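Protein sequence lines, in the order shown, are assigned to chains A and B.
Whatever position you read off the first sequence (first residue = 1), add 404 for our numbering.
Whatever position you read off the second sequence (first residue = 1), add 54 for our numbering.
Worth flagging that the hints you see were computed from the coordinates, not collected in a lab.
Any given hint might turn out to be false.
For the chain A half of the interface with chain B, some residues (derived, Cβ under 8 Å), not all of them [claimed, not checked]:
hint, residue
1, Glu417
2, Asn444
3, Ser448
4, Val476
Lysine-lysine pairs mimicking DSS-like chemistry, simulated, CA-CA at most 27 Å apart [stated by the list, open to error]:
hint, chain 1, residue 1, chain 2, residue 2
5, B, Lys187, B, Lys177
6, B, Lys172, B, Lys124
7, A, Lys452, B, Lys177
8, B, Lys187, A, Lys475
9, B, Lys124, B, Lys177
10, B, Lys124, B, Lys364
The structure presented is a predicted model; accordingly, all values stated were derived computationally and were not measured.
Just so it is clear, CB atoms sit at the ideal spot from N, CA and C, and this is done for glycine as well.
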Amino acid sequence: MVCPLNGPRPVLEFAYGGEVRTMPDPASCSDAQWSDYVFNRSGSPAAKFEWWCHIASGFWFVALRDTLNDKVIATYPAQAARERLEPPESLP
Amino acid sequence: MFTAHESLRPSYDVVIIGAGGHGLAAAYYLARDHGVRNIAVIEKGYLGGGNTGRNTTIIRSNYLTPEGVKFYDESVRLWQDLSEDFDLNLFYSTRGHFTLAHTDAAMRTMRWRAEVNKHFGVKSEAVDAAFVKRALPMIDMQCGGHAPILGALFHEPGAIARHDAVAWGYGRGADRRGVEIHQRTEVTGIRVQSGRVVGVDTTRGAISTPRVLCAVAGFTPRVLDMVGLHTPIYVHPLQAMVSEPVKPWLDPVIVSGSLHVYVSQTARGELVMGASLDPYELHSTRSTLDFAEGLSAHMLDMFPFLSEVKVNRQWAGLADMTPDFAPIMGVTPVEGFFLDAGWGTWGFKATPVCGKTMSYTVATGRNHPLIEGFSIDRFARYQMTGEKGAASVGH
Ligand SMILES: Cc1cc2nc3c(=O)[nH]c(=O)nc-3n(C[C@H](O)[C@H](O)[C@H](O)COP(=O)(O)OP(=O)(O)OC[C@H]3O[C@@H](n4cnc5c(N)ncnc54)[C@H](O)[C@@H]3O)c2cc1C
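Only chain A is shown next, with the shape it has when bound in the complex (with noise of 0.2 Å):
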């Protein structure tokens, strides 16, 4: 995996934080979107943003990883991340 931060290093050095997803207002949504929000997941394999962890700098960024065969396409620091995500389907 490459930390935008430092570099490639050994997975293990690495947490998994879950799925990049915006979460609706609560104080709009209705009870039906909120519930989507917090239990419901996209759990078919696909090209995902995801959150990770550099435990060792406590770094947090975005990686593209594919689920189905554990590819990392890219990593961004979660600044460029928020400026530049799109879903995965709009991708080349």
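Got chain A sorted already, so can you dock chain B with the ligand onto it with the hints?
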């Protein structure tokens, strides 16, 4: 052992996706108890080649929630005469099951589980360190000095069984009653019209059917995409390994949540060992050295004399996990589409009771009373069936 069918029929009363233990058990009881025989079981690989043939075969009913305890207790009851029922030796072997506690918090959970279990008539006792030492004289009670054993939950009915034989027994029993099992046939689509199931597409052609039972374990999210259902199920690999055969020395099944180990010795003398889930989502059954190293280290904490014993084989399955460690079973918002999933790391022991309850549910269109706590809509109601304290690591 099974009839090979040249082609698929154009229609069936029920199509079951997945010839693992769960799908085959449902087919067996539908044919035997409900008179439904025009059934196809569709399997993309080979019969029993999924998690059924990859698990560490621990059977127990010492769960935490009333829903879970009643359900698994019924399964343990069904296991008892299954070998005779099938006329096939399942090597069902009652061993007793220890869940070791290394912390006060773990001891407290053991007492809680023991009380819930006893309330429902399941044999479980919280026992102290002296009891553990008497039962397991070979264990290092200090676990290398860093995780001393304070006591355990002792569950007398804990057992192991020959996993492949379970799939063969249910499969042969279903086959003899006219159920068609189609191996190497993949379901590629499910046809839904006005909210109800009308058919299934496969790699060997289309079938029309009003009822589909999905029992595909780690492939559940992919099949649910075919009918547009969303669930909390997420998939992580679960690995296991087995040692070379050694002379029998370990009678009970041993589980340690703190050390992330469970181990039993088969009739052949091999030690079958497992640990926690892999730490991130992946849909691949590759093996890792991390796993073998970590598990071996924890095995040696408990049993240092095993240091010369070799590991023979290592493998993985895809565990369909849920946030509350309880399954998702029964009717769904798509009429005629029934689900038996979310079995994660703990569904082998439930094979008989899943077959019983899902066959009832498919035959009647209503959830069997034993599975009401496992329904797909519990999340939208924020009503979890919290089984994590009894299901994580301890399969
Ligand atoms: C390493 C490991 C250890 C475990 N240890 C234990 C244990 O000690 N005790 C316990 O109780 N449980 C344990 N489990 C869990 C248990 O193995 C499973 O919950 C259980 O076997 C699930 O059975 P199943 O019949 O539902 O699924 P499976 O046996 O996985 O069968 C599903 C079948 O569906 C097929 N399929 C998938 N998609 C399609 C498709 N589109 N078309 C056609 N066919 C398809 C697959 O090929 C597969 O054969 C363990 C699991 C693993 C991986």
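Checked hints:
1. For Glu417 of chain A, the interface hint is violated, since its Cβ never comes within 8 Å of a Cβ in chain B; the closest pair sits about 12 Å apart.
2. Given the 8 Å rule on beta carbons, the hint for Asn444 of chain A holds: about 4 Å separates it from the nearest Cβ of chain B.
3. With 8 Å as the threshold, the beta carbon of Ser448 of chain A comes within range of chain B, its nearest partner Cβ sitting at about 4 Å, so the hint holds.
4. A hinted interface residue such as Val476 of chain A counts as satisfied when its beta carbon comes closer than 8 Å to some beta carbon of chain B; here the least separation is about 11 Å, so the hint is violated.
5. For the hint pairing Lys187 of chain B with Lys177 of chain B, the CA-to-CA distance comes to about 20 Å; that is within 27 Å, so the pair holds.
6. A distance of roughly 11 Å separates the Cα atoms of Lys172 of chain B and Lys124 of chain B; the hinted pair therefore holds under the 27 Å criterion.
7. With a C-alpha separation of about 45 Å, the suggested pair Lys452 of chain A and Lys177 of chain B falls outside the 27 Å cut-off, and the hint is violated.
8. A hinted pair counts as satisfied when its Cα atoms are at most 27 Å apart, and Lys187 of chain B with Lys475 of chain A does not qualify at roughly 47 Å.
9. Between Lys124 of chain B and Lys177 of chain B the CA atoms are separated by roughly 12 Å; this keeps the pair inside 27 Å, and the hint holds.
10. About 39 Å separates the Cα atoms of Lys124 of chain B and Lys364 of chain B, which puts this hinted pair outside 27 Å; it is violated.
Checked against the numbered hints given earlier, this structure breaks hints 1, 4, 7, 8 and 10; the rest are met.
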